[in-house]
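K.L.:
Line order of the protein sequences matches chains A and B. FYI, the numbering for the first sequence is 1 to 635, going by my numbering. FYI, the numbering for the second sequence is 1 to 635, going by my numbering.
What the hints contain is simulated information worked out from the structure, not anything from laboratory work. As the structure is a computational prediction, the values presented were derived from the model and not from experiment. Hints should not be assumed to be uniformly reliable.
Claimed, not checked - Pairwise CB distance ranges (calculated):
no.: 1; chain 1: A; residue 1: S187; chain 2: B; residue 2: R68; range: 44 to 50 Å
no.: 2; chain 1: A; residue 1: Q431; chain 2: B; residue 2: R548; range: 57 to 63 Å
no.: 3; chain 1: A; residue 1: P480; chain 2: B; residue 2: E176; range: 36 to 42 Å
no.: 4; chain 1: B; residue 1: R623; chain 2: A; residue 2: T123; range: 31 to 37 Å
Stated by the list, open to error - One-sided excerpt, in silico: chain A residues whose CB lies under 7 Å from chain B:
no.: 5; residue: E103
no.: 6; residue: P241
no.: 7; residue: R245
no.: 8; residue: D307
no.: 9; residue: V308
no.: 10; residue: V309
no.: 11; residue: H314
no.: 12; residue: V316
no.: 13; residue: A527
no.: 14; residue: V554
no.: 15; residue: S555
no.: 16; residue: P558
Ideal Cβ placement from N, Cα and C applies to all residues, glycine included.
Protein chains: 2
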Amino acid sequence: MQFHDHGYVSGDPRVQPAAGTGLDRPDELPDEVDVLVVGTGPAGMITAAQLSQFPQVTTRIIDRRAGRLTIGQADGIQPRSVETFQAFGFAWRIAEESYHVAEVCFWHPDPADGTRIVRGERTPDDPSGISEFPHLYVNQARVLDYFAEFMANAPTRMTPDYGYEFRDLEIAADGEHPVTVHLVRTSGECTGQERLVRAKYVVGADGAHSGVRRSIGCTSRGGSAAHAWGVMDVLAVTDFPDIRRKCAIQSGSGGSILLIPREGGQLFRMYVDLGEVRPENTGALRSTTVEQIIGHAQAILRPYTLDVVDVAWHSVYEVGHRVTDRFDDVPLEELGTRDPRVFIEGDACHTHSAKAGQGMNVSMQDGFNLGWKLGYVLSGRSPQSLLATYSAERQVIAQNLIDFDRQWSTLMAKKPEEFADQAELADFYVQTTEFLFGFMTQYPPSMLVAEPTHQALAAGFPVGKRFKSARVVRVADANPLHLGHQHRADGRWRVYAFADGAAAGQASALTAWAEWMSSSPDSPVLAHSRPGDDLDAVLDVLVVYQQRHVDVDVSAVPELFRPRTGPFRLIDHENVFATHPDDDIFELRGVDRAGCVVVVRPDQYVAAVLPLDATAELAAFFRQHLLVQDRQPVG
Amino acid sequence: MQFHDHGYVSGDPRVQPAAGTGLDRPDELPDEVDVLVVGTGPAGMITAAQLSQFPQVTTRIIDRRAGRLTIGQADGIQPRSVETFQAFGFAWRIAEESYHVAEVCFWHPDPADGTRIVRGERTPDDPSGISEFPHLYVNQARVLDYFAEFMANAPTRMTPDYGYEFRDLEIAADGEHPVTVHLVRTSGECTGQERLVRAKYVVGADGAHSGVRRSIGCTSRGGSAAHAWGVMDVLAVTDFPDIRRKCAIQSGSGGSILLIPREGGQLFRMYVDLGEVRPENTGALRSTTVEQIIGHAQAILRPYTLDVVDVAWHSVYEVGHRVTDRFDDVPLEELGTRDPRVFIEGDACHTHSAKAGQGMNVSMQDGFNLGWKLGYVLSGRSPQSLLATYSAERQVIAQNLIDFDRQWSTLMAKKPEEFADQAELADFYVQTTEFLFGFMTQYPPSMLVAEPTHQALAAGFPVGKRFKSARVVRVADANPLHLGHQHRADGRWRVYAFADGAAAGQASALTAWAEWMSSSPDSPVLAHSRPGDDLDAVLDVLVVYQQRHVDVDVSAVPELFRPRTGPFRLIDHENVFATHPDDDIFELRGVDRAGCVVVVRPDQYVAAVLPLDATAELAAFFRQHLLVQDRQPVG
């Protein structure tokens, strides 16, 4: 964490100095905004949190609720989301209060007595050690709280505007604020009053029944799986021995339970199979009481007892699988003819079963993807055409999710006798860990993602996938740390220079690259920064040497990697790394000993792998999506 | 973290439900209190924070400052303190914003040119891996902030009362509130007004010039080392390559610097040698300006440059070593004839050089030692005689500290030519790591610490030293975790039962012990708990099996280790552990395979190691310091 560099900070360093729109942010929702985010769920909140780091952008986020979410809804946090929380500074704090999934158990009917269940397979949740981050369960409300804290501490001092319901919007062909949004107050003295807000961009993160989606004419395709589930968060006394382990339970009667232990040591969630939805039982299913759900659960758990003493939340739903064909207001047939103004995210785009624990996670990646792009366009750093990449990148991810979830929830709803092999469910779970953990996303080449021509130079950093961290040692203070965890959600790109074998300061490919980066007018750090910008304002350039830290002479490291920043022009000491004695990142990630450059997007996805001498390619890559600014070379 | 067990908690689970004195805590300092803590430094704050967990006790903490400390003073956080912060729930949060000491460098005059310095020894800060916790530097103000947050979130909802200066106190021979304290308001409209507060106990954590110490007639012995130092927290541009590493720097001119990198990546502290204090230069030294300190530093650092751009704080002081002969109001000749009413902690008891980074740490252990003892006595759990153990245990620790610090600061002040071996300072540093890290404290046998008769049953848990954690697996949820980190600063004792080799539920020494603990009227869990108490209200009883977690049938574990607690009588699932596959705690800590019982005090020190069949000894140990309460055996 870097602070004190503008002078001594006495209080919590997580509170950043107010700047830009945060200096005089009005309490009331203004009539004109740059971005209006509709909905304070995980997708909307991460978009707003990311935008809170862009001081010149006016972002407001509204919700029809009168205040923060208090209970219910999603609870699964995959490791990719924890990795994302790390960038927002709250990974370990939320982990501390969450349930950690270490093991998953699969229960089946007892072959000797079909009225009883017995434990079958038992597997570590992450058998192959895919991530250094944990897999968590915690109420969505706490995720939202942490994003709210992050944005309140951000330079823009953002807080949600509760009590506004979205009604409709119109998009004008031109004007500074071409989107006119109709809102209605839902709480307080002004309940029922209408409001007009004009925005440059609107983000619809308003859930499965999204009004924003409707207003831009998107239709969601898919259907219901005709299977109903009851879900409940409860406290109970039980002799079921795995009550604190994640379990998939199949009973002889055909009913099944997905058991999700939750934060705090006592609460757990159960998804209880309520059977097929047929026309004649639709009404009965929808009016299922929590007592009935408990009754089903008790029957499935036999011979174990379940004495529910407190119900925190419950709901009944039918599994549906729907996805929209586009995530913005530009119809597919008009693609490329105009830039989008309105976007949808999360449940507004894709709905599916809750049981793979994916919904909140994929929604947050939607929001993370869109947030920085809006920030760059509105700050004049990138062309508006950047915004079309949001729908292009995320729609296919949603389609993959729906396909996966259809498989998983079909498996979950199968009767025991329908399985060819009892272990089918367990095997599927283990085989799909990388997907379940959120690491299968790979964006195809675009203005933001280079062709993987030079992938062989860093096989462990696949272009288009998220940058998989590894340990290194920071030279300045000899601290071992995870390279990827230094990437904060500050909106900046990362450019990692992996050195060739020469020592710091010797003539080498790295030294030549650093020289070009510091001095060539084509260098992206010069071409895309403005007068008054620190050199690392948009691109944070870091170096990893092949040597051990004691063999890196920091005085000889090119100044590119030790930029002078802030009002005191202090030397940034934290961008020079060496290999970790136990985990050589060059070995672990297959980085060529001739060195290379790995470019990582603000949302942590690898955008390019290039040789150190491919300076023209590097410059050209950034010019695809960053505007050339008016800055003189440093001299 | 355990919560939701009283019903669903929607917000931050770190905010505990208000209880007892926290339900209607007056904003204004009342006329009568149970405990009045004078001084909001690290010692006073940890005492108050510990007492904030005792809902029936009225504790107030005052300071003459008008508000929180903003800058300066101590910054060294040894691993034992981070371990303590873990118990108070903020270890990782403060670590995240702190400087981590990974390596220490020793600089000497260049043998070829005495006007220049060169790097000599270079050592990891923790070469032998003494602690799983880091060694940190961060401003004391942040430590105080975290304690303040902890006590505000505690059942008692405590906040410091700023703006009261201690003047004097008198102790009456009897009465409910025998200590009368004279205070004066130092800020706000009432500045200058006098206040009387009557207290059952007073804790003087009011620093080196302690008024509480004076009022109880303690004298501090020792003297000044006649050596002066300048200290400054600064931002600077420098080409000194180790500016982000802890360094001891000795120049050819005889001057020396202790360099302490600080939180945030830029700030650092320098202790700069100002030379010997002789009668003729005392005045000049005391009026040394920060410019002069910087000048000295620049001279010592040659050939490197130091361009200080911002001074956050600075001070000049002479090294003194003083310790008081007792830490309470009972003169040594009256020991045992009456119980103490007034205590002193921290700098009020011991002052020394700042450069071993010990002061704040030892002070916090003073405060941790005293806090729970006051809580037990005031809650009617322990006899008043318990309070005499505070001075008995801590005074000798202070004496050890003074002795150590005299050695260290004498070494630091030596001229290069006075060293027999250039590496003497580095060798001393490495050899004394355990002391520097805070782990050498070992309390002798007393009413609180059993004779180490059975030490051989658990050689790695020395009686009287703090419980050294090791990894285990929690059976209920298969989570690997550190056993010692589960010990929160909730005021409870921990009783760890290390099982003999039998599986859970089989007849065994462990099963017999658990049966006795659950049912014998002599059992400490029954003898010392009250009607209405949960069984784990005072003693938290945990079990560690020798098996791997998959081989522990949780249904067969004695109910002693799965107590029913809280309003819903839920089963506590979190007290049953198995060995970690990579780190068998029985091997690591030399625990006998026949099992044993390890008793740990609320301040994390091992109080007893006993065989599983020594039930009479266990009962007798607790009766030394816990009062027998009126509870019927569970039946």
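K.L.:
Each hint: holds or not?
P.N.:
Do the hints match the structure? See the list:
1. One distance hint, 44 to 50 Å for the beta-carbon pair S187(A) and R68(B), is violated here, with the actual separation near 36 Å.
2. The beta-carbon spacing between Q431(A) and R548(B), approximately 25 Å, falls outside the hinted interval of 57 to 63 Å.
3. In this structure the hint that P480(A) and E176(B) lie 36 to 42 Å apart at CB is violated, the actual value being about 56 Å.
4. For R623(B) and T123(A), the Cβ-Cβ distance of about 48 Å falls outside the hinted range of 31 to 37 Å, so the restraint is violated.
5. Taking 7 Å as the C-beta contact cut-off toward chain B, the hint placing E103(A) at the interface holds, the least distance being around 4 Å.
6. Residue-level restraint check for P241(A) holds (minimum Cβ-Cβ distance to chain B is 5 Å; threshold 7 Å).
7. Checking R245(A) against chain B by beta carbon gives a least distance of about 6 Å; that is within 7 Å, so the hint holds.
8. With a cut of 7 Å, the hint placing D307(A) at the interface with chain B is violated, because the nearest CB-to-CB distance is about 10 Å.
9. For V308(A), the interface hint is violated, since its Cβ never comes within 7 Å of a Cβ in chain B; the closest pair sits about 10 Å apart.
10. Restraint check, V309(A) versus chain B: the minimum CB separation of about 4 Å is within 7 Å; hint holds.
11. Annotation: H314(A) was flagged as interfacial toward chain B, and the flag is violated, the nearest CB pair being 12 Å apart, outside 7 Å.
12. Hint status for V316(A): violated, given a least beta-carbon distance of 19 Å to chain B, over 7 Å.
13. Contact between A527(A) and chain B, as hinted, is not supported at the beta carbon level, the nearest pair being about 27 Å apart and thus beyond 7 Å.
14. Hint on V554(A) holds. Least Cβ distance to chain B is approximately 5 Å, under the 7 Å limit.
15. At its closest, the beta carbon of S555(A) sits 5 Å from a beta carbon of chain B; the interface hint therefore holds under the 7 Å criterion.
16. Among the interface hints, the one on P558(A) is violated; its C-beta lies about 15 Å from the nearest C-beta in chain B, farther than the 7 Å criterion.
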